[in-house]
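Asker: Sequence:
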Amino acid sequence: MQHKYQRAFTLFLFLIPLLSVAQETSLVEIDDLFPEKVTVAGFVLTESQEVSIDAAAITPYRSKRAFPFTDAWILNSKTREVVWVLSDADDVDRTRSVTTFEDKVQLDAGNYEVYYSTFPNYQNIYGNWRNNHGFWDNIFGNVFHGGDWDIRRRDYRELHIKITGSGTAVDDDVVYDWQSEKKSSAILDYSSLRDDVFEETIMKLSKAATVKVYAHGEAMQDGNYDYGWIQDLKTREKVWEFDYRNSAHAGGASKNRYAEKTIDLDAGSYKVVFVTDDSHSYRRWNSAPPYDPTFWGIVIWPENKEDRSAISFEDIEDYEEKNVIVKFDRVRDRDYKSQGFTLNKSLTMHVYALGEGRDGEMYDYGWIVNANTREKVWEMDYYDTENAGGADKNRLFDGTITLDAGNYIAHYVSDGSHSYHRWNSSRPFDEKSWGMTISVLDDNYSASDIVEYDESNDESILVRITRVGDHDRARSSFSINEDQKVHIYAIGEGSGNEMYDYAWIENSNTGRIVWEMTYRKTERAGGARKNRLFDDNIFLEAGEYEVFYETDDSHSFADWNDSPPRDPVSWGITITKLDE
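Numbering (this note's numbering), first residue to last: 26 to 605.
If you're looking for bench data, these hints aren't it; they were derived computationally from the structure. It should be emphasised that the depicted structure is a prediction, and the values quoted were computed from it without experimental measurement. Note that the Cβ used here is the ideal one computed from N, Cα and C, for glycine as well. Some hints could be false.
Stated by the list, open to error - Simulated DEER-style distance windows between Cβ atoms: (1) Asp115 x Ser304: 34 to 42 Å; (2) Tyr201 x Asp115: 28 to 36 Å; (3) Ser450 x Ile538: 47 to 55 Å; (4) Gln246 x Ala472: 42 to 50 Å.
Work the whole structure out from these sequences, hints included.
Answerer: Shown next, in the form of structure tokens:
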């Protein structure tokens, strides 16, 4: 009898490990892979445990320290934390192109996402993968696009990741459902973004609140390509910005970056923006994807659930059209826009201007002048702008100015290339706004504070001859009833003490020249050295006068043969009365 119990106990001890093995099931099995694909699966663990991982990847031959050319990883679906990556595992069998890895990892109970990427992982040994792309193409071309597909196909048949443990396997549809559920709790979801996307909205906070921002994009030390920001619409300051410095490597290609930050926001209105360029985005990868590919873009959650009711959104166009007083948009080549306005009190204005510039010079740009003094009160200066997305020469000014009560004229001019629908290089992210928009920021602003200003109805302007072209001889006349000073604002062409485009004034009764635009009376007008400016007062006796402006056969408005002046549309002469 005793031997019988001993045999039963021995059999029990023998069955314990078999029962444990029987409880372990295949949680994930990804295989039969093709080049440049991302394959997704998942599994559920009801309790904390150690899972086993068996994987095979294409790796550099005889280089154990190099990263694999293909990659695999595991994400915690709730926290989005990467809990395991292939590079953590030890290789157990390295052949000429395919290496087998084995590993174990301790995981808590929860839902997990598994990824296998066969995109080449361009590693940058010099800091900029683009500079070495031709070199890597020579290597990866044999691995991913080799002419002998039968040989390459055998390698891909060996690629896999297998995970075993005590849990439940799920397919990619379930994984995407998990992600959708995660995003559904957000207050803003601009994720899974493709190429050439420009997303923006107005986020309003009725009280101070804390939000969590989770963003993925493309950036390198030399610039940002898929990126975004949050801007306080009262101060125009960016309270959060996605760029290389404020992000970390997101896995995959070195240009994949991510940011995860909690931000305290005061009550107010904010603009949230995220843009992508024409390459490397969700399901359009041109290199290895990030570890959390479906969150490419920006997602925002309230840090505290009670703050959700304090946050609302408004369509960007509805918000920005409310207080617009000047709107020059979709500006084409060789275009010129102008619009006058009168301020009945001092107001703070928002200027949003997109144009073309490089090396400190602007070619498509805007400015604002005081209509009475011709003083330029604001100009789109290259050094006050930032990149507007796309080509480096796309420039953006997004800021505020304060203007006193008075008459003003807003101008915008473009040269003969690179404008809306005529881009000769990569377009800006907000292409439809190419031009200039001016709106009022003051909270106490009312419609009566601003009225339209029309120069033709301005009695202080005695003569205005502007935008004069080649081979022209324009004339106008005026009279004054008493001796007085008048202001002359004239722009023309001159060099070597000679003037070629210039103005003069004659007394109508005597024919005597009472004033002439000579080289020595002028100063530089910006742009080419030959652009000359007279901006001063002269004394005239009561009487009638004729004003002339004459140009030669080159370098005039809209037909410059060198850099234009700072105020090209005033090429000519303007005479105004002085305020009494």
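Asker: State for each hint whether it applies.
Answerer: Here is what the structure says about each hint:
{"no.": "1", "hint": "Asp115 x Ser304: 34 to 42 Å", "verdict": "35 Å, holds"}
{"no.": "2", "hint": "Tyr201 x Asp115: 28 to 36 Å", "verdict": "32 Å, holds"}
{"no.": "3", "hint": "Ser450 x Ile538: 47 to 55 Å", "verdict": "49 Å, holds"}
{"no.": "4", "hint": "Gln246 x Ala472: 42 to 50 Å", "verdict": "48 Å, holds"}
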